[in-house]
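Engineer: So the sequence lines, in the order shown, correspond to chains A and B. For the first sequence, our numbering assigns the number 1 to the initial residue and increments by one for each residue that follows. For the second sequence, our numbering assigns the number 1 to the initial residue and increments by one for each residue that follows.
Worth flagging that the hints you see were computed from the coordinates, not collected in a lab. Heads up, the beta-carbon is just placed ideally off N, CA and C, and yes, glycines get one too. Warning: the hint list may mix true and false statements.
Incomplete in silico selection of chain A near chain B, CB under 7 Å [stated by the list, open to error]:
1. Ala14
2. His91
3. Phe100
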Amino acid sequence: MKGFDVTVKDVSRAYGSFKALDDVSIEIRKGEFFSLLGPSGCGKTTLLRIIAGFDTPDEGVVLLDGKNILPLPPDKRQVNTVFQSYALFPHLSVYENVAFPLRLKKVPATTLDAKVREYLHLVQLEAHMDKKPNMLSGGQRQRVAIARALINEPSVLLLDEPLSALDAKLRQNLLVELDHLHDQIGITFIYVTHDQSEALSVSDRIAVMNKGKVLQIGTPYEIYESPATDFVARFIGETNLFSAEVKECVPYEDYYMTTLDIPALGTTIKVTDYDNLSVGQHVSFTVRPEKLKITGDMPTKVGKDINLFKGIVEEPIYSGFQSKYYVSLENGTVIKVIQQHANYMDEGPDIDWKDQVYVSWSAEDGYIVEVVDR
Amino acid sequence: MNGKGQERIVKKKRLEPSRLVEEHKGSSGPYRIPRNQVFQDHRKFGFSNIMLVLVILFLFMPLFVVITYSFNATRGMRWNGFSLVWYEKLFFDSKELWRAFGNSFIIAITSSLVATILGSLAAVGIKWYKFKSRAYIQTVSFLPMVLPEVIIGISMLIFFTAVRIPLGMFTIFVAHTTFNLPFVFLLVSARLDEFDFSIIEAARDLGATEMQTLVKVIIPSIMPGVMSGMLMAVTMSLEDFVITFFVSGPGSATLPLYVYSMIRYGVSPVINALSLVLILGIMLIALLFRRFLKTIAASS
Ligand SMILES: Nc1ncnc2c1ncn2[C@@H]1O[C@H](COP(=O)(O)OP(=O)(O)O)[C@@H](O)[C@H]1O
Ligand SMILES: [Mg+2]
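Excised from the complex, chain A in its bound form (with noise of 0.2 Å):
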């Protein structure tokens, strides 16, 4: 692996009494691709500019490669950015934009124009190096962005939401490209979203923030199927998501097999969980939509550790390759239900709207996601 790695150490932020980071730690690998994921306005971009060097923390240290970098200007960190905006030089052309850094290093002129044309080569913009980046389309100027980022060997480089501007299909596209490249090049990458389905679909390890703070880090399985708060569980995917009191916990195989009394659902659940929790605290319990199964009769297995509930359709939203129910139970509350459409259907999915439905899952499925008072 090259590229170094970045620790980030008790690092607040504030702009007059608004804490932009409040007591930030992160530890991010060599080589890793690292993502930095909320809701915009909780502190990312201000977390990248302080790896970067265009602000300074009120406390704590950011090392790199074991090195506090704190002291050093932007340009003397091996790190570069790639920025939201692209911030492509407007009177230079693509050419000139991916030499900045080699001319201002005075690189001998056959080097450079060898080098540049082989990171233009590497982000396929070889066709238009000619050109102003006014001519150029949202695409082809983040990938410019990138090759002149890239174009310093930085030991590590930084994306904010670099993909934020562009429609949707390019977005999927490019990201494949980023993946790529990372695995090309070996570096460190921190990437900054607000989505949390690119976050989920290219990253080794993530961060989700909010108002400041880092929630959770982990693989991004780790943060989908065992979000750490209530913040986490709703903002990664869907989920259903609801207060809960521990009725029992007793031993089973593994685990402890847990009843909460969920108010909501009006009746008590069970759920698998690793910890022995005693009776009477206040948790949280989630199960993701896609784990329920939703059928018309009956479901004619049901065990001990089945959950299973009654309902009517209120709301089938069909996009192709799944639909989407909102099942409204018996006691008005209304929970999410996902189904993959893994088969051909001549006439589209047999449930519809205001059938009565059978919605189920196992004890296993649910997560028990914070306990409040501990």
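Position chain B with the ligands against the provided structure of chain A, taking the given hints into account.
Structural biologist: Here is chain B with the ligands on its own, set in the frame of chain A:
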């Protein structure tokens, strides 16, 4: 409902395609800037065409007349045959006129240079820094643009006399710089409005020092605005009459002032000849500038 154990029966329909849609190629392929303007055909002898011809005649007839009579052999409006006598007079017997021309030239270059430097710096200062008197300065700097020239001329005259600066080239230079300033300021400000500040950080990020950022990024990218401001200033300075009239002194007449003084003793055909020389000269400069302007436009 599937999953009840019985075999799945799939019947498939084939529907008639309603229309064929060409597969859209995603990201690759050159991007074309959309051209939205639609030109419409119109009748050949419509009202608008007649108006167009009339307006062009109205605008260019006087020039045409002036040019024609510059080749007349005698004074006056009677045609007495083709001759270059007035050109001879213009080039070999009009020392005063060329002096005035030289004055105009010097004033135009110096005042527009100073106005461009001051106006650009002012625009940068007002756009990039926050300070209390910002709004006032912005408003006040537009005053010379909206005030009638006579007022500016008179007030300058009063001012120069009050502080006992002798009227002459220097006072004209000061006056021209003053009225050029707001135009440069306005044009550079407009350019700065679309200035993307992140390019400053990008330059620093890519290894440029603060000085290199200024010289290689900031100045070149606002240059088009600065250049158009300067061209505007040169033009306005060359053609100004009213303000110059008030602040000029003995021996400092600019070309417009000199021409005016000549006309008072009857229109000399030398002026006709001068007109053609100026028109040709300006056309030549315009042609030379065209390429330059094109490169500027391409980078904006
Ligand atoms: N220079 C600044 N002055 C005052 N507030 C700022 C400044 N920069 C950022 N903020 C505030 O800090 C918060 C975090 O900003 P930012 O890091 O840009 O969020 P994100 O990139 O996650 O959308 C925002 O609420 C923003 O308004
Ligand atoms: Mg941001």
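Engineer: It remains to establish, for every hint, whether it holds in the given structure.
Structural biologist: Evaluated hints:
With 7 Å as the threshold, the beta carbon of alanine 14 of chain A stays out of range of chain B, its nearest partner Cβ sitting at about 20 Å, so the hint is violated. Of the supplied interface hints, the one on histidine 91 of chain A holds, with its beta-carbon coming within about 4 Å of a beta-carbon of chain B, less than 7 Å. At about 6 Å, the closest approach between the beta carbon of phenylalanine 100 of chain A and any beta carbon in chain B falls short of 7 Å, and the interface hint on this residue holds.
The structure fails hint 1 only (numbered hints given earlier).
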